[in-house]
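Take these sequences, add in the hints, and give me the full structure.
Heads up, the sequence shown is in this note's numbering, so the first residue is 14 and it goes up one at a time.
Among the hints, a few may not be true.
[Unchecked claim] Capping the alpha-carbon separation at 27 Å, the derived lysine-lysine pairs in BS3-like fashion look like this: (1) Lys162 to Lys103; (2) Lys29 to Lys151; (3) Lys50 to Lys151; (4) Lys57 to Lys151; (5) Lys176 to Lys151; (6) Lys57 to Lys103; (7) Lys162 to Lys31; (8) Lys194 to Lys31; (9) Lys29 to Lys103; (10) Lys29 to Lys50; (11) Lys194 to Lys29; (12) Lys50 to Lys176; (13) Lys162 to Lys57; (14) Lys50 to Lys194; (15) Lys151 to Lys162; (16) Lys103 to Lys28; (17) Lys176 to Lys28; (18) Lys28 to Lys151.
[Said to hold, decoys possible] Ranges between beta-carbon positions, derived for each pair: (19) Val79 to Glu233: 27 to 33 Å; (20) Lys57 to Ala159: 40 to 46 Å; (21) Pro236 to Val79: 21 to 27 Å; (22) Val79 to Asp192: 48 to 54 Å; (23) Gln89 to Ile39: 29 to 35 Å.
These are calculated hints, taken from the structure and not from any lab test.
Small disclaimer: the values here were computed from a predicted structure and weren't measured.
Note that the Cβ used here is the ideal one computed from N, Cα and C, for glycine as well.
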Amino acid sequence: MEGVSMDGLFSDELKKLKWHFIEMGINVSEQIYQATKAFIDHDKELAQHVIEQDQTTNEEETGLEVQALNLMALQQPVADDFRSIISILKASSDLERIGDHAVNIARETIRVSGSQRVVGIENAIAEMTASVRSMLEKVLDAYAQADEKVAREGAAADLEVDKQYILVRDSITAAMRQDAKTITASSSYLMVSRLLERVGDHIVNLSEWIVYSRTGELVELNPGKSDPEMLHTLLNNSEQELNQ
14 MEGVSMDGLF SDELKKLKWH FIEMGINVSE QIYQATKAFI DHDKELAQHV IEQDQTTNEE
74 ETGLEVQALN LMALQQPVAD DFRSIISILK ASSDLERIGD HAVNIARETI RVSGSQRVVG
134 IENAIAEMTA SVRSMLEKVL DAYAQADEKV AREGAAADLE VDKQYILVRD SITAAMRQDA
194 KTITASSSYL MVSRLLERVG DHIVNLSEWI VYSRTGELVE LNPGKSDPEM LHTLLNNSEQ
254 ELNQ
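So, in structure tokens, the structure goes:
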């Protein structure tokens, strides 16, 4: 390409790769919002729309993979650029999995539509959705700015999502004990809240890939998941809030 150096071409293509990744993240965030909105509003039409959008998400992931591999073939990248490309390759699979979770939430909407519902639990699920979307927004911003500190802050917010999940789970158990007619809906609530908790875990993975791209270190940003003492504390705090 006349007038454009290989370094300049590589830099431009790397910027495009980063933007396409962020664009995919924004689209996946909207999928999560629409899926849970459909679930709470009992909107089968919107749920079906989310399911149909999954093909687009899969195509976006494939496009990112091709773009990243072509970029590495264009020029042997320096260490920082190489890590940026690898982190996007790895992180795009987490975004695709978040999209899969949105689809599964949408399918629950279709499966349980018309069953007796519990408004308080649905409101709590809406709050969980807001929390995971806030996490994802922060982490996507960290990708845009290549900001390790913001990435770590985004990952730390997953503890709040875990706490919300425990509260929802306990509320579901209480609802089933109080009224057997809510059992069908409650099983669906448990599925959806668990899927949202997993979305939080995938967002933590995104944060870890940002840290890798900046430092070259593979880190675990949420070790509390495997720390029984920390989980016990989280459970106790959640039970206290539930009883207030």
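Here is how each hint holds up against the structure:
Restraint check for lysine 162 and lysine 103: the C-alpha separation of about 20 Å stays at or below 27 Å, so the hint holds. This hinted pair checks out: lysine 29 and lysine 151 have alpha carbons roughly 20 Å apart, not beyond 27 Å. Distance hint between lysine 50 and lysine 151 is fulfilled; the C-alpha atoms sit about 21 Å from each other, no more than 27 Å. With a CA separation close to 30 Å, the supplied pair lysine 57 and lysine 151 exceeds the 27 Å bound.
For the suggested pair lysine 176 and lysine 151, the alpha carbons sit about 19 Å apart, so the restraint of at most 27 Å is met. As the CA atoms of lysine 57 and lysine 103 are separated by approximately 33 Å, the hinted pair breaks the 27 Å bound. As the CA atoms of lysine 162 and lysine 31 are separated by approximately 18 Å, the hinted pair is consistent with the 27 Å bound. In summary, the hint linking lysine 194 to lysine 31 is not supported, as the alpha carbons are separated by about 49 Å, beyond the 27 Å threshold.
Restraint check for lysine 29 and lysine 103: satisfied, since their Cα atoms lie roughly 17 Å apart, inside the 27 Å limit. Taking the CA atoms of lysine 29 and lysine 50, the gap is near 31 Å; set against the 27 Å cutoff, the hint is violated. Restraint check for lysine 194 and lysine 29: not satisfied, since their Cα atoms lie roughly 52 Å apart, outside the 27 Å limit. Note on lysine 50 and lysine 176: the hinted pairing holds, with a Cα-Cα distance of about 21 Å set against a maximum of 27 Å.
Taking the CA atoms of lysine 162 and lysine 57, the gap is near 40 Å; set against the 27 Å cutoff, the hint is violated. Between lysine 50 and lysine 194 the CA atoms are separated by roughly 23 Å; this keeps the pair inside 27 Å, and the hint holds. Annotation: proposed proximity of lysine 151 to lysine 162 holds, straight-line Cα distance about 11 Å (limit 27 Å). Under the criterion of a C-alpha separation no larger than 27 Å, the hint pairing lysine 103 with lysine 28 is consistent with the structure, at around 17 Å.
Note on lysine 176 and lysine 28: the hinted pairing is violated, with a Cα-Cα distance of about 37 Å set against a maximum of 27 Å. Between lysine 28 and lysine 151 the alpha-carbon distance is near 19 Å, which keeps this suggested pair within the 27 Å criterion. The beta-carbon spacing between valine 79 and glutamate 233, approximately 30 Å, falls within the hinted interval of 27 to 33 Å. Range check, lysine 57 to alanine 159: Cβ separation about 41 Å, and the 40 to 46 Å hint holds.
Between proline 236 and valine 79 the C-beta distance comes to about 35 Å, which lies outside the given range of 21 to 27 Å. For the pair valine 79 and aspartate 192, the beta carbons lie near 52 Å from each other, so the given range of 48 to 54 Å is met. The hint said 29 to 35 Å for the Cβ distance between glutamine 89 and isoleucine 39, and at roughly 31 Å that hint holds.
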